[in-house]
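Given chain C's structure and the hints, the job is docking chain G onto it.
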Amino acid sequence: MLASLPIGLWCVCAAGFAVADVAAIANVVAVADIPPTAPAATVLEATAPAAAERGLPALLAGLATAGYADKQALIKQMVELHDPRVHAVLEAMLEGNLYSRSSDARVFIVASGTDPLELSDPLTGRAAGTASPDDLSKIGVNNQLRKVLRVAMAQSDLSSPDEAVRLNAVREMLRAVDADGIALLNARLAVESRAAVKREIRAGLALADLDSDDAKTRLAAVEGLSDSLNIDVYNRLSAMIQTSEQGSAGEPDAKVRAAAVAALRGIDLKRGLYSMVQTFLFGLSQGSVLVLAAIGLAITFGVMGVINMAHGELMMLGAYTTYVVQLIMPHHIGASILAAIPAAFVISGLAGIAIERGIVRHLYGRPLETLLATFGLSLILQQAVRDLFSANNRPVETPAWLAGSLQINEVLSITYNRLYIIVFTFALFLLLLAILKRTRLGLEVRAVAQNRAMAKAMGIRTEWVDAMTFGLGSGIAGIAGVALSQLTNVGPNLGQSYIVDCFMVVVFGGVGNVWGTEIGGNALGVVNKVLEPYAGAVLAKIFVLVFLILFIQRRPRGMFPQKGRAAEG
Amino acid sequence: MRHRVQTDGGGRIFLGTLVAVVLLVPVLNLLMPDSSSLHMSGYTVTLLGKYMTYAMLAMAVDLVWGYCGILSLGHGAFFALGGYAIGMYLMRQIGTRGVYGDPLLPDFMVFLNWKDLPWFWHGFGSFPFAVLMVFLAPGLLALIFGFLAFRSRVSGVYLSIITQALTYALMLAFFRNDMGFGGNNGFTDFKDILGFNLQAPGTRMVLFLCTALALGGTYVLCRCIITSRAGRVIQAVRDAESRARFLGYRVEYYKLWMFVLSAMLAGLAGALYVTQIGIINPSEFSPANSIEIVIWVAIGGRGTLYGAVVGAFLVNYAKTYFTAALPSMWLYALGALFVFVTLFLPTGVVGFLNARRKRNLRLSAE
Numbered sequence: 001m002l003a004s005l006p007i008g009l010w011c012v013c014a015a016g017f018a019v020a021d022v023a024a025i026a027n028v029v030a031v032a033d034i035p036p037t038a039p040a041a042t043v044l045e046a047t048a049p050a051a052a053e054r055g056l057p058a059l060l061a062g063l064a065t066a067g068y069a070d071k072q073a074l075i076k077q078m079v080e081l082h083d084p085r086v087h088a089v090l091e092a093m094l095e096g097n098l099y100s101r102s103s104d105a106r107v108f109i110v111a112s113g114t115d116p117l118e119l120s121d122p123l124t125g126r127a128a129g130t131a132s133p134d135d136l137s138k139i140g141v142n143n144q145l146r147k148v149l150r151v152a153m154a155q156s157d158l159s160s161p162d163e164a165v166r167l168n169a170v171r172e173m174l175r176a177v178d179a180d181g182i183a184l185l186n187a188r189l190a191v192e193s194r195a196a197v198k199r200e201i202r203a204g205l206a207l208a209d210l211d212s213d214d215a216k217t218r219l220a221a222v223e224g225l226s227d228s229l230n231i232d233v234y235n236r237l238s239a240m241i242q243t244s245e246q247g248s249a250g251e252p253d254a255k256v257r258a259a260a261v262a263a264l265r266g267i268d269l270k271r272g273l274y275s276m277v278q279t280f281l282f283g284l285s286q287g288s289v290l291v292l293a294a295i296g297l298a299i300t301f302g303v304m305g306v307i308n309m310a311h312g313e314l315m316m317l318g319a320y321t322t323y324v325v326q327l328i329m330p331h332h333i334g335a336s337i338l339a340a341i342p343a344a345f346v347i348s349g350l351a352g353i354a355i356e357r358g359i360v361r362h363l364y365g366r367p368l369e370t371l372l373a374t375f376g377l378s379l380i381l382q383q384a385v386r387d388l389f390s391a392n393n394r395p396v397e398t399p400a401w402l403a404g405s406l407q408i409n410e411v412l413s414i415t416y417n418r419l420y421i422i423v424f425t426f427a428l429f430l431l432l433l434a435i436l437k438r439t440r441l442g443l444e445v446r447a448v449a450q451n452r453a454m455a456k457a458m459g460i461r462t463e464w465v466d467a468m469t470f471g472l473g474s475g476i477a478g479i480a481g482v483a484l485s486q487l488t489n490v491g492p493n494l495g496q497s498y499i500v501d502c503f504m505v506v507v508f509g510g511v512g513n514v515w516g517t518e519i520g521g522n523a524l525g526v527v528n529k530v531l532e533p534y535a536g537a538v539l540a541k542i543f544v545l546v547f548l549i550l551f552i553q554r555r556p557r558g559m560f561p562q563k564g565r566a567a568e569g
Numbered sequence: 001m002r003h004r005v006q007t008d009g010g011g012r013i014f015l016g017t018l019v020a021v022v023l024l025v026p027v028l029n030l031l032m033p034d035s036s037s038l039h040m041s042g043y044t045v046t047l048l049g050k051y052m053t054y055a056m057l058a059m060a061v062d063l064v065w066g067y068c069g070i071l072s073l074g075h076g077a078f079f080a081l082g083g084y085a086i087g088m089y090l091m092r093q094i095g096t097r098g099v100y101g102d103p104l105l106p107d108f109m110v111f112l113n114w115k116d117l118p119w120f121w122h123g124f125g126s127f128p129f130a131v132l133m134v135f136l137a138p139g140l141l142a143l144i145f146g147f148l149a150f151r152s153r154v155s156g157v158y159l160s161i162i163t164q165a166l167t168y169a170l171m172l173a174f175f176r177n178d179m180g181f182g183g184n185n186g187f188t189d190f191k192d193i194l195g196f197n198l199q200a201p202g203t204r205m206v207l208f209l210c211t212a213l214a215l216g217g218t219y220v221l222c223r224c225i226i227t228s229r230a231g232r233v234i235q236a237v238r239d240a241e242s243r244a245r246f247l248g249y250r251v252e253y254y255k256l257w258m259f260v261l262s263a264m265l266a267g268l269a270g271a272l273y274v275t276q277i278g279i280i281n282p283s284e285f286s287p288a289n290s291i292e293i294v295i296w297v298a299i300g301g302r303g304t305l306y307g308a309v310v311g312a313f314l315v316n317y318a319k320t321y322f323t324a325a326l327p328s329m330w331l332y333a334l335g336a337l338f339v340f341v342t343l344f345l346p347t348g349v350v351g352f353l354n355a356r357r358k359r360n361l362r363l364s365a366e
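Quick mapping for you: the protein sequence lines, in order, are chains C and G.
Residue numbering for the first sequence is 1 to 569, as defined by our numbering.
Residue numbering for the second sequence is 1 to 366, as defined by our numbering.
Isolated chain C, as found in the complex:
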């Protein structure tokens, strides 16, 4: 079984080769059985002392003239140089792209399929002009040499200083483990320092042991694999306990089979657990987006009672601010996001204060009229953005520190932007809570919300407090816009798509308290993500909306209604 895979591979590789190689392909099965390290070792002994002093350029030059046996030795020496350039040379050689120039015997990597052939110097990695095929002679490889090359490449990857490359090399070797691979992996395991790579190697070795003829070895291997989350391991174990139509099991030994069943059960449990954690985290991040969008509204609508339909457009302003900041500092994308946060707060906050002073102020006590006027304002803002920028979405770049994902294990991984959004939202929420509960402004805001006339009688400038509160809520919306610019398209319709959700979250959480919004939004996000696998994204969202409609009928004041005097207004 193991031999058949390399044959297929080699056939593909050989397609561009000279006719002479066809005969070699026929020999594959025979060659594969010969331990390839044996002849390599003998040649090595003969040439090693001289070669060690010559370095990569000399080794390369040697390749041009060496016979097959000498080439093996040279390859071995190249690997031992631990030179990062060696990998490309070996790869090119394996694919038949390594040539030597007849005029000066220098060795080049040739890009396949071009005419005239384009050369690149393996020592510098740079392009080295072109040459006609007549001036070049290929550095030939035979099947035995190919095998040596593969092992050598895996070996050079395995000793790479980069953990990710090593991990990949191990995984690459796991696909088809053979005797050489096992030897290599064992050697690496002895010197490997990182736990992740070690775990991967152990899994690979155990997988190879599963093919052993000795039931005890297999049993030990199954037990060793029982905490692996690797999908190959899972498939292999599943195959072992399956019975074919003739009644013969994939695994002949009953004891080993039982161990495999137990191991699978354990793995299933673990996978299920991790995927639950993953769903929860996804839900939390989706919920955080909701909270982010709604938390400014929790101030303007929740505390002040103003229905601001232009809330979404204030977020849109924040997102566009991010875009403009990136235009101003195109070479510092990483810092641009951090710079955009205060900028968006100020711009959206000022816009909010202008809205409050210009429109909302005249409509206190008439919530439905406020709704209509601010909706009109949202249309104006949308069109203004369309005219100023464009009706198309604007590209906002993601800084490097937000890209990528945190791979906790094979099942559980979470992208950094999701992780950051959860953390960021929570920080924003704490900040807002602190402002409301711990500052003078927060005290005055709550006082005005509870009893405007009394607050005024106590000397609070209610008009000023109104403007500041509205500005605060709007500024927070702007900050939310910065975060949203990393998650969705930045376009004129950005705000509109969130407005219904925002109001639902605030009402669900309970009007008048910020932490109701935080908990409510996250709960909705998690419920949405839990439903998604069963119902699909759209239907899940519809279910959540219907649930909310029904919930508000049962508890019109939300999950955490205000009590006492504040509730009476």
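Read the hints as simulated data drawn from the structure, not as lab findings.
C-beta atoms are modelled at their ideal positions from N, C-alpha and C, and glycine is treated no differently.
Errors might be hidden in some of the hints.
Stated by the list, open to error - Taking lysine to any residue and the SDA-like style, the derived pairs with C-alpha atoms no more than 25 Å apart in a straight line are: (1) G/K319 - C/R386; (2) C/K541 - G/L141; (3) G/K319 - C/S390; (4) C/K541 - G/M179; (5) C/K541 - C/V527; (6) C/K541 - G/G180; (7) C/K198 - C/Y274; (8) G/K115 - C/G536; (9) C/K541 - G/I144.
What the hints assert, rightly or not - Partner residues aside, some chain C positions facing chain G, computed with beta carbon under 10 Å: (10) M309; (11) A335; (12) T374.
Just chain G now, kept in the frame of chain C:
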């Protein structure tokens, strides 16, 4: 009834205008030769018909908002449901003339590889059934929704928000192909109604006249209701809900029936809209559409019924004009109109004119 209509000056002007339109438009459209400067094009007739269905919709909203104090931000949903109900009938009428020529299934179902007609499509081959559903579908939705909402005394802003969520949820649902309502393309390419070709000028004129009749009928019906004893209770509920409740009225039932009636009228408007415009798709459910309807009423002047008509015509005419002449200005104009009307004309155009007339009367009396 005559008394009730007569005491209402604006209403008389409105009904008079409607009668004039009904008499004039067929003459101008069908009898005047194309070359005549008095000829009215088919396009204008359809446009007028569209405005009239919008006016009906606005009146339905005014009935609940102006008289009941229920600000529904989801009336677009009832309008669209009525439209979908008649659209299903029109789709079935296409028969083998569709692109795929399937005698039973509409094109989009053939496209989705469906083999059978979904259960809720049965019966829509019959016109009376479809008309029944035009009223029943929005009516039932309003009944269930209103029953739950009014019983638990959800009111004011909260009610507005959940009506908005309702239409939003329906929009998402109708956008799905699996729902069996044509996904985001909706229904279009209708051929005929009751055997008459929908493109023929005669059919279009009949539909136009039906719409005018429905608009007039809606006005008279609403007027009768609000001037009746029940109508006064409803206005009492609007002004002081708790007081009305303490006087022994079952406030939630009054609200509920008004809400259901209003939804049915919106459904009828939607059905007339779809037959004349020839397309219905899920974007009709979008929350912004429903808010726009409320704006028509606010601009015309809430609580007068004919004010809603004035508002619907004014805003939609402006929309037609601006989107053709100055497309980018339309949203500025509409937005500014919202802000201006709510800040400076809280009673709308009609209310403003009425107040001025009263002042003039008073001045001349002095």
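Hint by hint, here is what the structure shows:
Of the pairs offered as hints, the one joining G/K319 and C/R386 holds, with about 18 Å between alpha carbons and a cut-off of 25 Å not exceeded. Note on C/K541 and G/L141: the hinted pairing holds, with a Cα-Cα distance of about 19 Å set against a maximum of 25 Å. Simply put, G/K319 and C/S390 have alpha-carbon atoms about 22 Å apart, close enough for the 25 Å limit, and the pair holds. As the CA atoms of C/K541 and G/M179 are separated by approximately 15 Å, the hinted pair is consistent with the 25 Å bound.
Distance restraint check for C/K541 and C/V527: the Cα-Cα separation of roughly 9 Å lies within the 25 Å cut-off, and the hinted pair is therefore satisfied. A threshold of 25 Å between alpha carbons decides the hint, and for C/K541 with G/G180 the separation of about 19 Å falls inside it, so the pair holds. With a C-alpha separation of about 21 Å, the suggested pair C/K198 and C/Y274 falls inside the 25 Å cut-off, and the hint holds. Between the alpha carbons of G/K115 and C/G536 the distance comes to roughly 23 Å, so the proposed pair stays at or under 25 Å and holds.
Restraint check for C/K541 and G/I144: satisfied, since their Cα atoms lie roughly 21 Å apart, inside the 25 Å limit. Checking C/M309 against chain G by beta carbon gives a least distance of about 8 Å; that is within 10 Å, so the hint holds. The restraint placing C/A335 at the interface with chain G is violated, with a minimum CB-CB distance near 35 Å, outside the 10 Å limit. For C/T374, the interface hint holds, since its Cβ comes within 10 Å of a Cβ in chain G; the closest pair sits about 9 Å apart.
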